[in-house]
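There are 2 protein chains.
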Amino acid sequence: MATTTAAILVIGDEILSGKVGDQNAELLIGELRELGVALRRILIVPDEVETVAAATRELSVQFDYLFTSGGVGPTHDDVTIPGIAAAFGLPLVRHPELERNIRDYFGERLEESHLRMAEMPEGTRLIDGPGLKWPVPVCRNVYILPGVPEHFRRKFLAIRERFRVEPFFLHVIYTQEDEFDLAAGLTAVADAHSAVAIGSYPNFASDEYRVKLTLESKNLSALESAVTDLMARLAPEHFVRAELPVVPAS
Amino acid sequence: MATTTAAILVIGDEILSGKVGDQNAELLIGELRELGVALRRILIVPDEVETVAAATRELSVQFDYLFTSGGVGPTHDDVTIPGIAAAFGLPLVRHPELERNIRDYFGERLEESHLRMAEMPEGTRLIDGPGLKWPVPVCRNVYILPGVPEHFRRKFLAIRERFRVEPFFLHVIYTQEDEFDLAAGLTAVADAHSAVAIGSYPNFASDEYRVKLTLESKNLSALESAVTDLMARLAPEHFVRAELPVVPAS
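Protein chains in written order, with this note's numbering: chain S, 1 to 250; chain Y, 1001 to 1250.
It should be emphasised that the hints constitute simulated quantities derived from the structure, not laboratory data. A portion of the hints provided could be inaccurate.
[As the list claims (entries may be wrong)] Partial pick of chain Y residues on the chain S-facing surface, computed with a CB cut under 7 Å:
#, residue
1, E1014
2, S1017
3, G1018
4, L1027
5, I1029
6, R1033
7, L1039
8, L1043
9, G1073
10, E1099
11, N1101
12, H1114
13, A1183
14, G1185
15, H1193
16, G1199
[To be verified] Below, a list of computed lysine-lysine pairs in the DSBU-like style, where the Cα atoms sit at most 35 Å apart:
#, chain 1, residue 1, chain 2, residue 2
17, S, K133, S, K19
18, Y, K1019, S, K19
19, Y, K1019, Y, K1133
20, Y, K1133, S, K133
21, S, K212, Y, K1019
Built from N, CA and C at the ideal position, the CB exists for glycine as well.
All chains, full assembly: derive it from the sequences and hints.
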């Protein structure tokens, strides 16, 4: 079962300079996980055409989907569309359907500057979704989303189901065992169960447990086999508790 | 006045998979801004040696400082140290001062696995700071910080003052003018004042203003000149309010 992968590219001087906090990558982390898509990179860059172009090129070839956030307004600091066009060596052309949307929206107030918002890299498709006034532009595998969090959320939620694949299953074990003592056993289990991702996270914030172990896979029987293997290597006197994977009703 | 630049590399499957939220990049965004350091990239990657190596190589040559977060524990998913070593083609060697720290700390409980924590890329320096039990390892321009937020914070705060440079000055203008109508003026001001970074952020969450404009520079007189230029281009009837830069007492 091939894993579907994704990256997020956030274009925003305002985030790097601490003027506003990121909300869009944060939303997508949870959404993609729930959809079964493996998020492999989050990259936050300044409003620079060449930087957006280089990042788009690199991330779009490495992963199945690239989601961009921000930089799509009408001002000088909105460089995402030219950046994506430059990434693929595509000219910017006026998209007829977007032009129609903009003419309908502005009516008699229409100015030439409004129509610049209809310019997209050649070959850009538009995806519609329930409740969307404006469609989501998609250039190759790059889904172009706005930076304003309310708009980002509405647009992503309207198109999210098209990304759904098999779910991840997660098994969590809490133990009082020391991470140093766990290390060799974890390495052995990780080596023996390549379909299972195993994480180890020390906890210093409370006395309840010393280490949280996570085992995760799309393959439930591979996951169960890794859990059995690992449990046999843990010191039972240090075991605290476990959270079992939630299996969707069939 | 050359700008000092930085990047943050977060190594963490647990963040990309939504098991925990990032707190370390969030802390550094505010800290670096306050210190006058321009943050240019935030990159979050999985626990993969080659990925950490490639990211370290790329970010460390482009920017003055690279701060890494996470992946420095004793288990199989802790790949930051080998990743940084691979980035620079350096062997891992046991650092004598770290070895001494570890031997002192564990005393009679010492095991061989503990000493693996003393392995660093050859040439790694250690930086001490007030209140630190463990120093911060620095390999070339890469500052290696732990993923556990309490430890990350304590370590960074202990060494932060060494990064301080001239401050940024920020001027914020709120207006009811439409972003489309502002675009041409903003482009002209941005072109004429290259030492000033100008941002434009539409607001849909309240009626108080339609667009927030930010002007930012390390050069206060360049900033004031750009503000004067921009104010002359804004429609006075749409002006809402401004926040002036805070100038440090001399």
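Against the structure, the hints come out as follows:
1. With its C-beta approaching chain S no nearer than about 6 Å, E1014 of chain Y sits inside the 7 Å limit, and its interface hint holds.
2. Proximity of S1017 of chain Y to chain S holds as hinted, the smallest CB-CB distance being about 6 Å (cut-off 7 Å).
3. With a least beta-carbon distance of about 4 Å to chain S, the hint placing G1018 of chain Y at the interface is held under the 7 Å criterion.
4. Interface restraint check for L1027 of chain Y: the shortest CB-CB distance to chain S comes to about 10 Å, outside 7 Å, so the restraint is violated.
5. Taking 7 Å as the C-beta cut-off, the interface hint given for I1029 of chain Y holds, the closest approach to chain S being about 5 Å.
6. Hint status for R1033 of chain Y: holds, given a least beta-carbon distance of 5 Å to chain S, under 7 Å.
7. Because the smallest distance between the Cβ of L1039 of chain Y and any Cβ of chain S comes to about 5 Å, under 7 Å, the interface hint for this residue holds.
8. Taking 7 Å as the C-beta contact cut-off toward chain S, the hint placing L1043 of chain Y at the interface holds, the least distance being around 5 Å.
9. Because the closest C-beta pair between G1073 of chain Y and chain S is about 6 Å apart, less than 7 Å, the hint holds.
10. Proximity of E1099 of chain Y to chain S is violated relative to the hint, the smallest CB-CB distance being about 15 Å (cut-off 7 Å).
11. The beta carbon of N1101 of chain Y comes no nearer than 15 Å to any beta carbon in chain S, farther than 7 Å, and the hint placing it at the interface is violated.
12. Among the interface hints, the one on H1114 of chain Y holds; its C-beta lies about 6 Å from the nearest C-beta in chain S, closer than the 7 Å criterion.
13. Checking A1183 of chain Y against chain S: minimum C-beta separation of about 5 Å stays under 7 Å; hint holds.
14. With a cut of 7 Å, the hint placing G1185 of chain Y at the interface with chain S is violated, because the nearest CB-to-CB distance is about 10 Å.
15. Evaluation of the H1193 of chain Y hint against chain S yields a violated restraint, the C-beta minimum of about 12 Å exceeding 7 Å.
16. The restraint placing G1199 of chain Y at the interface with chain S holds, with a minimum CB-CB distance near 6 Å, inside the 7 Å limit.
17. A C-alpha spacing of about 28 Å is found between K133 of chain S and K19 of chain S, which places the hinted pair at or below 35 Å, so the restraint holds.
18. Using a Cα cut-off of 35 Å, the hinted pair K1019 of chain Y and K19 of chain S holds, with the two alpha carbons roughly 26 Å apart.
19. Taking the CA atoms of K1019 of chain Y and K1133 of chain Y, the gap is about 28 Å. The hint holds against a cut of 35 Å.
20. Proposed proximity of K1133 of chain Y and K133 of chain S is contradicted: the alpha carbons are some 56 Å apart, above 35 Å.
21. The hinted pair formed by K212 of chain S and K1019 of chain Y meets the criterion: a straight-line CA distance of about 11 Å does not exceed 35 Å.
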